[in-house]
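**Student:** Chain P is fixed; fit chains B and L onto it per the hints.
Protein chains in written order, with our numbering: chain P, 1 to 478; chain B, 1 to 478; chain L, 1 to 478.
FYI, nobody ran anything at the bench for these hints, they're computed from the structure. From the three backbone atoms N, C-alpha and C, an ideal C-beta is built for every residue, glycine too. A portion of the hints provided could be inaccurate.
What the hints assert, rightly or not - Just so you have them, the derived chain L footprint on chain B, three or more residues with Cβ under 8 angstroms:
{"id": "1", "stretch": "14-24"}
{"id": "2", "stretch": "66-77"}
{"id": "3", "stretch": "107-115"}
{"id": "4", "stretch": "331-339"}
{"id": "5", "stretch": "395-405"}
Claimed, not checked - Far from chain L by the CB rule (all over 10 angstroms, computed), these chain B residues:
{"id": "6", "residue": "G80"}
{"id": "7", "residue": "P95"}
{"id": "8", "residue": "Q186"}
The chain contents come next:
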Amino acid sequence: MNHYRPASRRLSPDRCFAADPAQRAVARALYAVVRELPLLCPHGHVQPALLAAPEARFGSPAELFIIPDHYVTRMLYSQGVPLEELGVPARDDRPVESDHRRIWQRFAEHFYLFRATPTGLWLADELTNLFGVEERLSAESAGRIYDHLEAQLARPEFAPQALLKRFNIALLATTDAAADDLAHHQRLHADGLNHIRPTFRPDALIALSRPDWPAQIAALGRAAGVEVASYADFVRALEQRRAFFQQMGALATDHAALTPYTHRLSDGEVATLFARALRGEVDASAEARFTGHMLIEFARMSAEDGLVMQLHVGSLRNHNHAVFTRFGPDNGADIPISTEWTRNLQPLLHAYGDDPRFRLILFTLDESSYSRELAPLAGHYPALRLGPPWWFFDSVNGMRRYFDLVVETAGIYNLAGFNDDTRAFASIPSRHDLWRRVSCDWLAGLVVQGLLAEDEAHELAYELAYGLAQRAYRWETW
Amino acid sequence: MNHYRPASRRLSPDRCFAADPAQRAVARALYAVVRELPLLCPHGHVQPALLAAPEARFGSPAELFIIPDHYVTRMLYSQGVPLEELGVPARDDRPVESDHRRIWQRFAEHFYLFRATPTGLWLADELTNLFGVEERLSAESAGRIYDHLEAQLARPEFAPQALLKRFNIALLATTDAAADDLAHHQRLHADGLNHIRPTFRPDALIALSRPDWPAQIAALGRAAGVEVASYADFVRALEQRRAFFQQMGALATDHAALTPYTHRLSDGEVATLFARALRGEVDASAEARFTGHMLIEFARMSAEDGLVMQLHVGSLRNHNHAVFTRFGPDNGADIPISTEWTRNLQPLLHAYGDDPRFRLILFTLDESSYSRELAPLAGHYPALRLGPPWWFFDSVNGMRRYFDLVVETAGIYNLAGFNDDTRAFASIPSRHDLWRRVSCDWLAGLVVQGLLAEDEAHELAYELAYGLAQRAYRWETW
Amino acid sequence: MNHYRPASRRLSPDRCFAADPAQRAVARALYAVVRELPLLCPHGHVQPALLAAPEARFGSPAELFIIPDHYVTRMLYSQGVPLEELGVPARDDRPVESDHRRIWQRFAEHFYLFRATPTGLWLADELTNLFGVEERLSAESAGRIYDHLEAQLARPEFAPQALLKRFNIALLATTDAAADDLAHHQRLHADGLNHIRPTFRPDALIALSRPDWPAQIAALGRAAGVEVASYADFVRALEQRRAFFQQMGALATDHAALTPYTHRLSDGEVATLFARALRGEVDASAEARFTGHMLIEFARMSAEDGLVMQLHVGSLRNHNHAVFTRFGPDNGADIPISTEWTRNLQPLLHAYGDDPRFRLILFTLDESSYSRELAPLAGHYPALRLGPPWWFFDSVNGMRRYFDLVVETAGIYNLAGFNDDTRAFASIPSRHDLWRRVSCDWLAGLVVQGLLAEDEAHELAYELAYGLAQRAYRWETW
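Same shape as in the complex, but just chain P:
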């Protein structure tokens, strides 16, 4: 029934490795050690529902690879392909392309756009090594490959739960709203999938000016069993939810902010500000001050309850208003801005940067801050670790620049290892494989330049693939 016949598409077993034979030999040796290690995924956006229900499926190839992946759709959009033609659902219910085979064909015709991009590498790896596609995706091959993928996806071994085992994932943290009931995680844990863990994300609760903020506060109150009528109630409800997440196995919290501005408000100031917000009296300035205060407050909670705090900074969301109006958020129109860490983070670090109970992992979209600010900060404050290259920089060159710019100052042991930060579950092994390849090649470069002994490189390859993430997120199996 499967008409698919393999053709010419081959991935180099040495991809990401330097051409130099000496360096390549060392890289291969290091990679051989870490290639099969279990995957630690301490930060990501996989929907727990996908894994909780044994009957869940990925849907069509277009649903798996194209429609929900803004890495893919933004690139096609940048070259003139309307999002409607890619089946991206419109907010206003205007019709969009619903023929998934046509969406796939359109994607295949533009697949050349992903040459020399990480998305291109992940897709090639996923098609080849996960789905067994052996010819190159093109307008001509699109139909055959679609058939092949459709057939594969119908097979039980391509159900999400089946892949969860096959991927050898030791830890998978999802990212969940603070008011979430974590029902999917309850089911997962009941089914023995204890390694799927929630992460506490309270961003919606501090976005005072968003229209849905009152609804978010109400939901928090319901979930926590606390009537949130004051700032003190708010803090109590947050602490209650954190405790619940922790019971459910959460290792960490996650926070996004436009800037890393932190500043503690006095008790009176924050009480007044919050009371005004409850009455609908807020402006952008009040929201920024509240965010700056709450980051310190979340640091305090982390110091007390031990949840690792993650901070992702610097994305100006929904830059394209027309796309946002028609299609909503997360459509490839989030654009970074420059980020100042040294002064902005100082109040938070004064309060908790030296606290041995506290752990803060930082993620940036401004690479100029790697060597100037982040590495010196992480090379001093005991609480700090540097997250891996994020988003646009989760790429071969992004990783190389990160290693080159960060390690000499921060050392390797102040890094937090890798996380894939993806909602595309099926791409997880490809993303970790890229990190492992690039980190082994980078270590090999140090070895052949006489800057690292080969036994040290072996230890560090393990650390970068597994150990650092394990310790940064204080991961222990139950």
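**Tutor:** This is chains B and L only, laid out in the frame that chain P set:
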């Protein structure tokens, strides 16, 4: 009559290629394909008069290589050689060196300053491959080489029009004031040189505070046949001139700004502001607001008439007041500043960034914005393309950093290919050759690391050398 | 008596060299030429007392390698080792670890933290090549190595004065407070050690708001024999001190500032501001304006007396208040901020940037300014030179980025060569060796890519190792 005898100066045929034998072999193969392709020069500053008159000549070696080239004179100046001694004409008519042979000798004595610089590479290539100089330029060889160059320059095959053919230039865009009568282009086209095209540059018309602004407006009015007594007249005159440029084959407009700040003023605001400017009532703030408004207005015109919009941002001109006072602008004292694109360009992109008629090509002098802002913007907005590394970054490492920082996020197809941006006509082949070498070597690096198939690399080598520029500037021969 | 027996620790003779055999061969050839050249150390922080007294000794291995070295202590602190346990003296006289052998053991247990860092490279080189340690430092070997080091340090050939000769140092500039009596230098010169020179550092005299400023002014007045009751007195006292330093062989001054802001105050403004400061009436804004003014005033003095002016910018000192309170400054908690040079330095450069008597050497902690601002500035203004990569960037990759980002625009001859900027006297040869290796490897890379002739590379290797520093600091032996 030509006493010149070749000596030891040899350029490596593999210059710019990695030492690694595998990578070098691929680079050579790619370069062999693109090396002889015609040159597309969609942005530059060659004087059309030089090409329009068959009798035009380059002048002496000092006039060709030194006196007008601020890349050369600034480096000698930085090491203590007065500009007067290099024959740079002074504004105050104080005498400067007029013995071109002495100027050449001075230059040759300091030629070592250009080691490891792009100017050094261009000059070596030009001397060797265009003029047949085979010994190295030094204090000792200066006189012999001067004689040789003088003899060559006297020959008809070194006339600018002769070189235009020899260079295999398929398109050469000049940059012309909005009020220019384009008489040289008329003559060029009458002589069948249809591939020399004007570019519409209206910068002088929006510099409200410059002393010559009233004169510029008057010249615009005369050229357009419009009496410019209001903002509406101003817009009408600009549109008239754009139409004329377009009739004369213009493909693009060019705009320089200190920052990419854009903000649309209301009709009333801009009418009032312009009326005040006509009465001489302007300040720096009004000028900045007007520039921010006009960039959006020029985008509107481009969307309507189809001229590609180029935007060069970030140079603080005439940083050295003493040099400016004595020698005027363009003497190597323009210094970059940091540039914010994400927020500044948002109003313009909201208005026209999704418009399929509109094309905007961006050029930066702040490399920290490559990966942080420009690549994400170009990887989303259909109207955007990224111009090649500009000015100081038109160099081996500048190109490598550009590829490394930009392509993974923006993809290759959101680049605008190469342009030489030079007023030094005779250096054009050397500049394109450097780009072609570096881009082939970069592609070869991807191939040997297993990140790109060799047939893809061949296609991309062609795109980087020719195809991208052709499409970015919508170039079609008449 | 020395029980130490060599074991397995070996440093590659080719460390820092590319793996590519062609590049490595050229790098070796270049390095062979410069490896044994005398060391020029025109900027550093070695205590002159250490060298002036023949009886001075380094103390214990912990005193030599750990306790005073904030590069070492900050990394251990970042991984949770309290500074008290490293024997760092506390301001409040709380007890800290005093058992040096235990401090050493703690350091050895954490020595893996320095993998892939410059501190790790320097330490390995120093232990191996200076002290003859041949096994790797680890928890297991710590005790044996401590014994070995202790024995070595007791030998007369490891006295500081003995090492000064062995190191082949041709020039060693210390950094000295403006009011210093330079008694140690007097003794050094009397003993024939004319190559130990003071450097004039007046920073404490312009920090108007620091509690000890009145005491600093009083000390200046005493040293200069001037009662400082006005700004005019202050300038006279500074000029007097500079003349004294110059008599004592000073080549340069050194200035640190948070930003390179410069702005000349009027005579009246500065007189009033200074008078207020003497009355204790200052705020942060007044101090910043005074600093901006004084930088221009120091430039004037340098133009007049010929002392080379050094400017180190961009470190936010004492970021960690808790560490500062307990342990004081210089404990690894100085964090860089982004730095704007183009506009900030313009007033100073307008005044003296073209002055052939003036020399200004710039040091940055913001690498994004290398290619954007510093290289264009240095490639134009005759007075400017770029200092080597500083502090966090005095590293293999830091040097490589510096060469890649700076040289194409500024040229090599606008660089100031290397300086070690260290207070760790025994590490000086290791630091210079790293620079020489990396610069030779970088030049070799240019050679094998056909971008530089091999004879040119030899000249430039010499320049980078010796010639540039010699000329930048106008060094001539007495």
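**Student:** Quick one: which hint numbers does this structure break? Sort them smallest to largest.
**Tutor:** Per hint list: single violation, 6.
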